[in-house]
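If you're matching them up, the sequences are chains A, B and C in order.
The first sequence begins at 1 in my numbering and counts up one residue at a time.
The second sequence begins at 1 in my numbering and counts up one residue at a time.
The third sequence begins at 1 in my numbering and counts up one residue at a time.
Hints listed in this document are in silico derivations from the structure and should not be mistaken for laboratory results.
Here a beta-carbon is modelled for each residue, glycine too, at the ideal position from N, C-alpha and C.
Cross-link-like lysine to any residue pairs, in silico, SDA-like; alpha carbons within 25 Å at most: (1) B:Lys86 <-> C:Leu189; (2) B:Lys60 <-> A:Ala350; (3) C:Lys95 <-> C:Val81; (4) C:Lys261 <-> A:Ala219; (5) A:Lys317 <-> C:Asp190; (6) C:Lys261 <-> A:Ser245; (7) B:Lys90 <-> A:Gly356; (8) B:Lys35 <-> A:Glu323.
Quick partial rundown of chain A residues pointing at chain B, CB under 8 Å, derived from the structure: (9) Gly298; (10) Glu302; (11) Ala321; (12) Ile342; (13) Gly355.
Partner residues are not named here, just some residues of chain C that face chain B (Cβ under 8 Å, in silico): (14) Pro157; (15) Ala158; (16) Asp159; (17) Met182; (18) Ile186; (19) Ser187; (20) Ala188.
What follows is each chain in one-letter form.
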Amino acid sequence: MNAFLFAGRQAAGVIVATTSVVLTSVIGIAQDRPSPATNGSYKVPRTPDGQPDFQGYWTNLTYTPFERPRALANKPFYTEQEAIEAFKKAVSDSTDQIVHYVNSDFGATPVQTGARPNRRTSLLIDPPDGRVPPLTPAAEKREATRLAAQKARGPLAQTWKDDRGTVWCVFHDRAVPSIVAPYGSNYHIVQSRDWIVMTYEWNTEHRIIPLDGRPHGPAAVRTYAGDARGHWEGDTLVVETTNFSPNRNFFGSEGTFTLVERFTRTADDTIVHTYTVEDASTWTRPWTVELPMHRINGPMLEYACNENNQDGFATLKNARAQEAGTLAPMDAIKRGDAKATITEREEQGAAKVLGGEGQDEKK
Amino acid sequence: MQVRTVAVFIGAIMILSGISARAHHSWNTVFSEDKPLVLRGTLSKVELVNPHGWIWIDVKAPDGTVTKWGIEGGPPNGLIRNGITKDTLKLGEELVVRGYGARDGSNLLAGVKYERADGKEFWLGNEGAEATAKARGDVK
Amino acid sequence: MRTATFASIAAAVLFVALSPRVGESQTYTSLRTASGQPDVNGFWQALNTAHWNLEAHMASPGPVLQLGAAHAVPPGQGVVVDGPIPYRPDALAKKKEYAANALREDAEIKCYLPGVPRMMYMPYPVQIVQSDSTILMMSEFASAHRTIHMGSKDSPPADTWMGWSNGRWEGDALVIETRGFMGGTISALDREGAIQVRFLDRAGNYHTDGLRVVERLRRIGPDHLSYQATIEDPNVYTRPWTISMPLYRRLDANMQLGEFKCEEFVSDLVYGKYQRTPDK
Chain A
1 MNAFLFAGRQ AAGVIVATTS VVLTSVIGIA QDRPSPATNG SYKVPRTPDG
51 QPDFQGYWTN LTYTPFERPR ALANKPFYTE QEAIEAFKKA VSDSTDQIVH
101 YVNSDFGATP VQTGARPNRR TSLLIDPPDG RVPPLTPAAE KREATRLAAQ
151 KARGPLAQTW KDDRGTVWCV FHDRAVPSIV APYGSNYHIV QSRDWIVMTY
201 EWNTEHRIIP LDGRPHGPAA VRTYAGDARG HWEGDTLVVE TTNFSPNRNF
251 FGSEGTFTLV ERFTRTADDT IVHTYTVEDA STWTRPWTVE LPMHRINGPM
301 LEYACNENNQ DGFATLKNAR AQEAGTLAPM DAIKRGDAKA TITEREEQGA
351 AKVLGGEGQD EKK
Chain B
1 MQVRTVAVFI GAIMILSGIS ARAHHSWNTV FSEDKPLVLR GTLSKVELVN
51 PHGWIWIDVK APDGTVTKWG IEGGPPNGLI RNGITKDTLK LGEELVVRGY
101 GARDGSNLLA GVKYERADGK EFWLGNEGAE ATAKARGDVK
Chain C
1 MRTATFASIA AAVLFVALSP RVGESQTYTS LRTASGQPDV NGFWQALNTA
51 HWNLEAHMAS PGPVLQLGAA HAVPPGQGVV VDGPIPYRPD ALAKKKEYAA
101 NALREDAEIK CYLPGVPRMM YMPYPVQIVQ SDSTILMMSE FASAHRTIHM
151 GSKDSPPADT WMGWSNGRWE GDALVIETRG FMGGTISALD REGAIQVRFL
201 DRAGNYHTDG LRVVERLRRI GPDHLSYQAT IEDPNVYTRP WTISMPLYRR
251 LDANMQLGEF KCEEFVSDLV YGKYQRTPDK
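I would like the entire structure built from these sequences, with the hints used as guidance.
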């Protein structure tokens, strides 16, 4: 009951602070106010500065695949019924999984974490076949070299850079450009007159986007999150981001891509987010993704990744132990009966039981 | 000084369906699918932190010795949004946790399923969450 | 673990609020946001040695000989209003031990989140982005991020490194109450990554998960804020105590926070023992 009230309070509308003293003041208007709503009949709420209000907590969690399965190449849309069926199947497929780190952690269902049905059969909507365009010959060669070097290093982590989780503690690249995460795929949006901040839940990556019309920063300064500049086109927020770090690899582009995003609020609980990426040195043409963002309850607690990174230590320690022959090799290949879920294994008697009734006598 | 790039290119293909068995760390470098375990014990500590929550349970062997087991879970953020907090769990309550043990044999478990002693799943039974779940059946 | 009550902090805050502070303008009328709140948007930075040592201190050598004068401790008059910091005797002994082992115990070295109030006086800009329901304070250091929930009285649903902050306006002052702090790293963590307590500065002044902080932030001029923080932690101190300092607006053209992901620069330090080849 308490929990329900908690959730309700978080969903409450904007809280307007009052002051005890009324003061006259001059407020400079930094840019023109946007024109009236252009997105159908929906009248988008406005911030006190008159801008479309995108504030709150939003998820882009979805079971729609990023690229369209080849079998559906000519079918960019499901019917409503098909969409609901596909969603239900994805939800049931994701319960009682083999391993953890998915939506059902601690018992939360995928729907509790915010996913919804989607009529599109893929998030990638252009090119029309819903797949990332081919790489240029130069990019293909680059990728082949990179993958060969990775293969030569072998499966064991040599430094922290070989542990994806630890690398994500530096920068979580799914924050921008937006790539859906299996859970926690959420943004918290806060706006002032001159800035809009979109904070991604993973690694608390904050995208801090100026709206004041300033130029991009110096080309010599390249960052993981890129250099973002926002402006309004009617009620649509357009964000152009450049100067990505060469340490990034986004679908084969080593930070040389440009990103143009459009955010439009189409309902109280929906923002449609589309983005186009372009890099003539990597892809034979630009490509476009559409992600619906749906409202969820707050709060969004910090993701302190680096601070308690026990898995980072374990990955490296175990790699060294495996090299020294003191630890059995990773079991990625020898799956055998590993398709069984944890419940099935217990029923088959494959799981060891410790503590309470039914515990194994010998250790 | 270049950081070797994360294979986002390949990683993105892995998350096509939105369901990934290895969402952040390479799961099988730390834990082993060859070590399915069921632990029954009493809750002794809760570290409900993001991104990984940890709970600690005392597991009693037949001869009475007590061993402390640390159980690594996912991020509590989603639960917190459904009104479940660090105070929801009661120290001393009995739990059954199913998961996979650590490769190096330490007393750590990657938790997969969590149950109270009466068989009810750990964190569920929240009316607000159920209402939200029903409301999200519509198509957008 | 004992935790502070806000009542005792409130008493300390009232004491400080009534005391005169250097440099304060009594007549400044703050610019307002479109919804009528005092406008604290912008980039703010402390210009003192509080990040070295909150208390008055002489110049001294730094912890790493090879860094010489570049990382020696400059002198400072201190920012504690009602000092000396009122340590419990057992805690003072711990402080000396932590200070002697700062390179291992100080979260700053490992690029861990600095917490509150430390984030506010580290030598990096802090950007405030203000809306009616939420005020964000973001530091250039380690992308540290504070969410101030305006008008909220909610309790922290979980402990965090930056704490849970509820804010409100009292006249022209932004008052923030923060608690729900992590006291250190989790139990399962390896020693190389572990820290036992949270430093408030590089001198080893520290807090535990019993910390509660009440801050007051107020514009005293077009480019200045006055900032006070009252700190209470019954595991460490015998009473609440207060720091006070101005924060200065960064006037640089096209000012923005830089990306300082220091996690990358310390990972070899933290994981080095288990790596095959160090980063080059």
